[in-house]
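Sequence lines, in order, name chains L and H.
Here the working numbering is used: the first residue of the first sequence is 1, the next is one more, and so on.
Here the working numbering is used: the first residue of the second sequence is 1001, the next is one more, and so on.
Hints in this document: simulated from the structure, not taken from any laboratory.
Any given hint might turn out to be false.
Here are the simulated lysine to aspartate or glutamate pairs, EDC-like style, with alpha carbons at most 16 Å apart [stated by the list, open to error]:
#, chain 1, residue 1, chain 2, residue 2
1, L, Lys260, H, Asp1306
2, L, Lys127, L, Glu170
3, L, Lys472, L, Asp277
4, L, Lys520, L, Asp143
5, H, Lys1052, H, Glu1098
6, H, Lys1318, H, Glu1338
7, L, Lys493, L, Asp481
8, L, Lys303, L, Asp329
9, H, Lys1201, H, Asp1262
10, L, Lys520, L, Asp502
11, H, Lys1035, L, Asp481
12, L, Lys493, H, Asp1044
13, H, Lys1085, H, Glu1006
14, L, Lys312, L, Asp378
15, L, Lys493, H, Glu1039
16, L, Lys26, L, Glu170
17, H, Lys1201, H, Asp1245
18, L, Lys495, L, Asp435
19, L, Lys370, L, Glu39
20, H, Lys1035, H, Glu1012
21, L, Lys260, H, Asp1303
22, H, Lys1402, H, Glu1391
23, L, Lys103, L, Glu66
24, H, Lys1209, H, Glu1180
25, L, Lys495, H, Asp1044
26, L, Lys498, H, Asp1044
27, L, Lys498, H, Glu1391
28, H, Lys1035, L, Asp428
29, H, Lys1209, H, Asp1245
30, L, Lys103, L, Glu69
31, L, Lys495, H, Glu1180
32, H, Lys1402, H, Glu1338
33, H, Lys1125, L, Asp428
Examples of chain H residues toward chain L, derived with CB under 8 Å [stated by the list, open to error]:
#, residue
34, Val1034
35, Lys1037
36, Thr1065
37, Tyr1069
38, Ala1071
39, Glu1073
40, Leu1132
Where is the CB? At the ideal position from N, CA and C, for every residue including glycine.
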Amino acid sequence: MALTKKIELKKNALGRLVPAAVNSRKQVPYKGIGEHDPEGRRAAPPIFSAKDYPENGDKRVGSLDEALEACGLSDGMTVSTHHHFRNGDLVGNELIDACARLKKKDLMWFPSASFPCHAPVIQHMEKGIVERIEGSMNGPLGDYCTDGKMRGLGVLRSHGGRWQAIQDGEVHIDIAVIAAPCADAFGNANGVNGPAACGSLNFALADSLYADRVIVVTDHLVPFPAIPWQIQGNNVDCVVEVEKIGDPAKIVSGTTEVTKSPDRLLLAELVARFIRDAGIMRDGFSFQAGAGGTALAFVVYLKEMMKKAGVKARFVRGGSTKVLVQMLDEGLCDYILDGQTFDLDGVASMRDNPRHVATSPFTSYNYHGKGFFGTFVDAVVLGATEVDVHFNANVVTHSDGRLLHGIGGWQNCLFSGCTILAVPAVRDRIPVIVDEVTTLTGPGELIDVIATERGIAINPRRKDLLDAVKGKGLPVRDIRDIQREVYQLCGGKPKPPKRGKDVVAVVKWVDGTILDSVWKVAR
Amino acid sequence: MAKIGEAGRRGESVRSDCWVRFEPAPRGGLKLDVKTKVEAMYGDAVRAYCLKVLAGLGVKNAAVTIEDYGALEFVLAARIEAAVKRAGLGAGKFFLPEPGPGFKAVTARERFRRSRLYLPGNEPKFFLNAALHEPDGVILDLEDSVAPAEKDAARILVRNALRAVDFGRSERMVRINQGERGLEDVAAVVPQNVHLILIPKAEKGDQIKTVHAEAERTRKTAGLKQPCFLMPIIESARGCFAALDIATASRNVVALTIGLEDYTADIGAQRTLEGHESLWARQVVVNAARAAGVTPIDTVFSDVSDMEGLRKSVQEAKGLGFEGKGCIHPRQVPVVHEAFAPSPEEIEKAKRIVLAFESAEKQGLGVVALGSKMIDPPVVKRALRTVKMAEALGLLASGWRKES
Chain L
1 MALTKKIELK
11 KNALGRLVPA
21 AVNSRKQVPY
31 KGIGEHDPEG
41 RRAAPPIFSA
51 KDYPENGDKR
61 VGSLDEALEA
71 CGLSDGMTVS
81 THHHFRNGDL
91 VGNELIDACA
101 RLKKKDLMWF
111 PSASFPCHAP
121 VIQHMEKGIV
131 ERIEGSMNGP
141 LGDYCTDGKM
151 RGLGVLRSHG
161 GRWQAIQDGE
171 VHIDIAVIAA
181 PCADAFGNAN
191 GVNGPAACGS
201 LNFALADSLY
211 ADRVIVVTDH
221 LVPFPAIPWQ
231 IQGNNVDCVV
241 EVEKIGDPAK
251 IVSGTTEVTK
261 SPDRLLLAEL
271 VARFIRDAGI
281 MRDGFSFQAG
291 AGGTALAFVV
301 YLKEMMKKAG
311 VKARFVRGGS
321 TKVLVQMLDE
331 GLCDYILDGQ
341 TFDLDGVASM
351 RDNPRHVATS
361 PFTSYNYHGK
371 GFFGTFVDAV
381 VLGATEVDVH
391 FNANVVTHSD
401 GRLLHGIGGW
411 QNCLFSGCTI
421 LAVPAVRDRI
431 PVIVDEVTTL
441 TGPGELIDVI
451 ATERGIAINP
461 RRKDLLDAVK
471 GKGLPVRDIR
481 DIQREVYQLC
491 GGKPKPPKRG
501 KDVVAVVKWV
511 DGTILDSVWK
521 VAR
Chain H
1001 MAKIGEAGRR
1011 GESVRSDCWV
1021 RFEPAPRGGL
1031 KLDVKTKVEA
1041 MYGDAVRAYC
1051 LKVLAGLGVK
1061 NAAVTIEDYG
1071 ALEFVLAARI
1081 EAAVKRAGLG
1091 AGKFFLPEPG
1101 PGFKAVTARE
1111 RFRRSRLYLP
1121 GNEPKFFLNA
1131 ALHEPDGVIL
1141 DLEDSVAPAE
1151 KDAARILVRN
1161 ALRAVDFGRS
1171 ERMVRINQGE
1181 RGLEDVAAVV
1191 PQNVHLILIP
1201 KAEKGDQIKT
1211 VHAEAERTRK
1221 TAGLKQPCFL
1231 MPIIESARGC
1241 FAALDIATAS
1251 RNVVALTIGL
1261 EDYTADIGAQ
1271 RTLEGHESLW
1281 ARQVVVNAAR
1291 AAGVTPIDTV
1301 FSDVSDMEGL
1311 RKSVQEAKGL
1321 GFEGKGCIHP
1331 RQVPVVHEAF
1341 APSPEEIEKA
1351 KRIVLAFESA
1361 EKQGLGVVAL
1371 GSKMIDPPVV
1381 KRALRTVKMA
1391 EALGLLASGW
1401 RKES
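Same shape as in the complex, but just chain L (with noise of 0.2 Å):
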């Protein structure tokens, strides 16, 4: 059991205790923003040639089984899936299947986010065919790691951050397995034709460059061409088709409802005033929007002060929705630069309308290029668990140390010209702003801004937003004047975190190097 080795930890650059070595790889702990050089020359697949793989273009295999051996799985390898079908996904259990029916072990489950219905791993874990998950674990996979459980240690990362480990040869994927709701023989495939349509592929991008080997699984085979092709075939070892590879009914909503949580729309009321007072609200400006909560509700208010403002934007990045459609179909914004796609609607834009495009963490995300576009939206609205009076943020744990949610593109979206975290101030008696997060997922001095239904915070730092909104009738207050009021409501100050013995799993900064570790919790 690895966890009852001994762990060398190490403080990093804010204090926290970080493993020295993650899954027999040495890590360095976080630095601060931007003090990390990295070194070296990014990962490669092998070369390959044409004149092993068939001149039609033909690559289809019986069966996932097939395919596997024909890429030459064997026990260790890390093998890896993706969330684009989110709760609705059959492809990621149906690939541990395969590994179980092909009585392979100690594989490394690579995925780039995990949902409650990939709870079924849990018993590959048991029986040793995985090792471990390196992404993001929530609900029953949380918990199983959380409890520590998993024999290897979890590692979280965001969105853009999978993408640097991928291209910084950090995680090698030795086979990476791509559901697709449109592809052809040769590989080419797409997300937005199909029963199980879903928007983009662009989370399996990397994979498809990096992998040795790489599997494209449809149950919408077209003839060649499949365009647009979001995956090149060029890329693709094996096509394999299927019944099903996913549940549209989870994949995306047929549409997405604004929340109707009267204090969840107080909120979002206030952050879009927030967006147009500071002046950000301008002609040309550019905004991120989710598909949750307040990340969605504050799009609605926005748009109406756009119309009578008579504002357009250049872009709004998504998390795209129903009501971004909207605002591009009304002419309200250039063009959507689409990271996921939540609804129908996004859906049917995104194939339809060449100004909605299907962006990949490379062109938003990848902090380990020359540049990403994430650094110049003007606002973004994110949601967090925790925050501290230091503008400090979890996303990943509850309060009680247990794992809840992935980082996605959390971490990558801090660096946008405005950030703000949008979140209650309390939830049923738990305080959202205290003395310090449970588990560090992003450093206080990328957020800029804390709106909650009691009052908005604005980190010292930005002394330019304070002047801003001088005199523009925001409820702006001290953080620490919304905690001393949210800890009278809750009947005083909170317990601090109890930090745990074993560390289970370690939340990755943008850079590759370890914010934090989550501990075990004990039952």
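Starting from the known structure of chain L, arrange chain H on it as the hints suggest.
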């Protein structure tokens, strides 16, 4: 044989509430078993508080099981008290939580009552943030939104909420039950600084007088200086015919309102969006209120997703003479306020009339004229009211006369 008392709610979907099972015992002290969602942060604090509440209720021997879903202290206290009383103990005793920062808030006879937000009296999760939506009044409802079997528990919860929850600048209102139970409600909640009592199913003046007497008695016993204002709700044909009697039954009546669900049922009509069936009743309420010198307030608008419909409904109510509307969702509050606010055109016109009136007064003229038009005194009166409202809402700076 000891009776087991249970109170509160349990289950995965429960939030900001708790469930309490209380089993009295002849001896053996207190056995407290608490499972709480906030264990990591407040587990010890929750246990200590529960013991304090039980001690306050005079309980010495019992087995108490609590499932806590993030209930605030005033909720924990209320649920424990309800369970203890349902077990037949703690008679005449109660445990009052520490008063919160808004406990001493005051109100005034004359004030805005444009929006009043209904909060179901047995749903603690809606209490905490209600005032953040800035309704003119919050109504902790003990009547229709509370199931008959939960009336006792809701009364304790509302009493505790009035002490502990900060309702900010909102007027602190309670809708009591009908009849005898309503008078018990008054006795239980009035000592906790209730600003206004809504009296349901008002059908005659005596009903109002009885509530008035009980509220005054309780207030004086509790040593409260401020009267507890009353807002009768007309909800029947009989109520309509007694409207003036009701509105003038007590000096503490400050507003008269109408409940259309019950009214339409009472007259055997369907409630429609157009509302022809209730036009007469609404006009009766406006006229009775005006005759009595109190504020006429309209019913609720029940489609919470139709903000445009709400806006129109408020404009229509304003046209009939109403000055307030009931809200069943916090997001209705800003729409109601906006629709009751005078429009820029109305403000401009009112300003001109007020200036003309003031200059006529200064010159000792008996007649006010604007250009070639004579302005009648009621028009001046209405303009003065519009300007006063615009000033109060910040739509008009108080020094506007100098700029004009």
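For each hint, the structure was consulted:
Simply put, lysine 260 of chain L and aspartate 1306 of chain H have alpha-carbon atoms about 12 Å apart, close enough for the 16 Å limit, and the pair holds. Annotation: proposed proximity of lysine 127 of chain L to glutamate 170 of chain L is violated, straight-line Cα distance about 26 Å (limit 16 Å). Restraint check: the Cα-Cα separation between lysine 472 of chain L and aspartate 277 of chain L comes to about 7 Å, which is no more than 16 Å; the hinted pair holds. Simply put, lysine 520 of chain L and aspartate 143 of chain L have alpha-carbon atoms about 10 Å apart, close enough for the 16 Å limit, and the pair holds.
Only pairs whose Cα atoms come within 16 Å are accepted, and lysine 1052 of chain H paired with glutamate 1098 of chain H is accepted, the gap being roughly 12 Å. Using a Cα cut-off of 16 Å, the hinted pair lysine 1318 of chain H and glutamate 1338 of chain H holds, with the two alpha carbons roughly 12 Å apart. For the suggested pair lysine 493 of chain L and aspartate 481 of chain L, the alpha carbons sit about 13 Å apart, so the restraint of at most 16 Å is met. A hinted pair counts as satisfied when its Cα atoms are at most 16 Å apart, and lysine 303 of chain L with aspartate 329 of chain L qualifies at roughly 12 Å.
Our distance criterion of 16 Å between C-alpha atoms is met by lysine 1201 of chain H and aspartate 1262 of chain H, whose separation comes to about 9 Å. For the hint pairing lysine 520 of chain L with aspartate 502 of chain L, the CA-to-CA distance comes to about 5 Å; that is within 16 Å, so the pair holds. Straight-line distance between C-alpha atoms of lysine 1035 of chain H and aspartate 481 of chain L comes to about 31 Å, which puts the hinted pair past the 16 Å bound. Distance check on the hinted pair: lysine 493 of chain L and aspartate 1044 of chain H sit about 12 Å apart at the alpha-carbon level, within 16 Å; holds.
Distance check on the hinted pair: lysine 1085 of chain H and glutamate 1006 of chain H sit about 9 Å apart at the alpha-carbon level, within 16 Å; holds. Taking the CA atoms of lysine 312 of chain L and aspartate 378 of chain L, the gap is about 13 Å. The hint holds against a cut of 16 Å. Between lysine 493 of chain L and glutamate 1039 of chain H the alpha-carbon distance is near 13 Å, which keeps this suggested pair within the 16 Å criterion. Pair hint lysine 26 of chain L plus glutamate 170 of chain L holds up; C-alpha atoms about 10 Å apart against a cutoff of 16 Å.
Distance check on the hinted pair: lysine 1201 of chain H and aspartate 1245 of chain H sit about 14 Å apart at the alpha-carbon level, within 16 Å; holds. Taking the CA atoms of lysine 495 of chain L and aspartate 435 of chain L, the gap is about 10 Å. The hint holds against a cut of 16 Å. This hinted pair checks out: lysine 370 of chain L and glutamate 39 of chain L have alpha carbons roughly 14 Å apart, not beyond 16 Å. The suggested pairing of lysine 1035 of chain H with glutamate 1012 of chain H holds, with an alpha-carbon distance near 13 Å, which does not exceed 16 Å.
Distance hint between lysine 260 of chain L and aspartate 1303 of chain H is fulfilled; the C-alpha atoms sit about 13 Å from each other, no more than 16 Å. Pair hint lysine 1402 of chain H plus glutamate 1391 of chain H holds up; C-alpha atoms about 14 Å apart against a cutoff of 16 Å. A hinted pair counts as satisfied when its Cα atoms are at most 16 Å apart, and lysine 103 of chain L with glutamate 66 of chain L qualifies at roughly 13 Å. Only pairs whose Cα atoms come within 16 Å are accepted, and lysine 1209 of chain H paired with glutamate 1180 of chain H is accepted, the gap being roughly 13 Å.
Taken as a hint, the lysine 495 of chain L and aspartate 1044 of chain H pair is honoured in the structure, with Cα atoms around 9 Å apart against an allowance of 16 Å. Between lysine 498 of chain L and aspartate 1044 of chain H the CA atoms are separated by roughly 14 Å; this keeps the pair inside 16 Å, and the hint holds. With a CA separation close to 54 Å, the supplied pair lysine 498 of chain L and glutamate 1391 of chain H exceeds the 16 Å bound. Simply put, lysine 1035 of chain H and aspartate 428 of chain L have alpha-carbon atoms about 15 Å apart, close enough for the 16 Å limit, and the pair holds.
With a CA separation close to 11 Å, the supplied pair lysine 1209 of chain H and aspartate 1245 of chain H stays within the 16 Å bound. Between lysine 103 of chain L and glutamate 69 of chain L the alpha-carbon distance is near 11 Å, which keeps this suggested pair within the 16 Å criterion. Straight-line distance between C-alpha atoms of lysine 495 of chain L and glutamate 1180 of chain H comes to about 46 Å, which puts the hinted pair past the 16 Å bound. About 26 Å separates the Cα atoms of lysine 1402 of chain H and glutamate 1338 of chain H, which puts this hinted pair outside 16 Å; it is violated.
Note on lysine 1125 of chain H and aspartate 428 of chain L: the hinted pairing holds, with a Cα-Cα distance of about 8 Å set against a maximum of 16 Å. Annotation: valine 1034 of chain H was flagged as interfacial toward chain L, and the flag is violated, the nearest CB pair being 13 Å apart, outside 8 Å. At its closest, the beta carbon of lysine 1037 of chain H sits 7 Å from a beta carbon of chain L; the interface hint therefore holds under the 8 Å criterion. Restraint check, threonine 1065 of chain H versus chain L: the minimum CB separation of about 19 Å is more than 8 Å; hint violated.
Among the interface hints, the one on tyrosine 1069 of chain H holds; its C-beta lies about 6 Å from the nearest C-beta in chain L, closer than the 8 Å criterion. At a threshold of 8 Å, the smallest CB-CB gap from alanine 1071 of chain H to chain L is about 7 Å, leaving the interface hint in force. Contact between glutamate 1073 of chain H and chain L, as hinted, is supported at the beta carbon level, the nearest pair being about 5 Å apart and thus within 8 Å. Interface hint at leucine 1132 of chain H: satisfied, since its Cβ lies 5 Å from the closest Cβ of chain L, which is below the 8 Å cut-off.
In this structure, the hints that do not hold are numbers 2, 11, 27, 31, 32, 34 and 36, in rising order.
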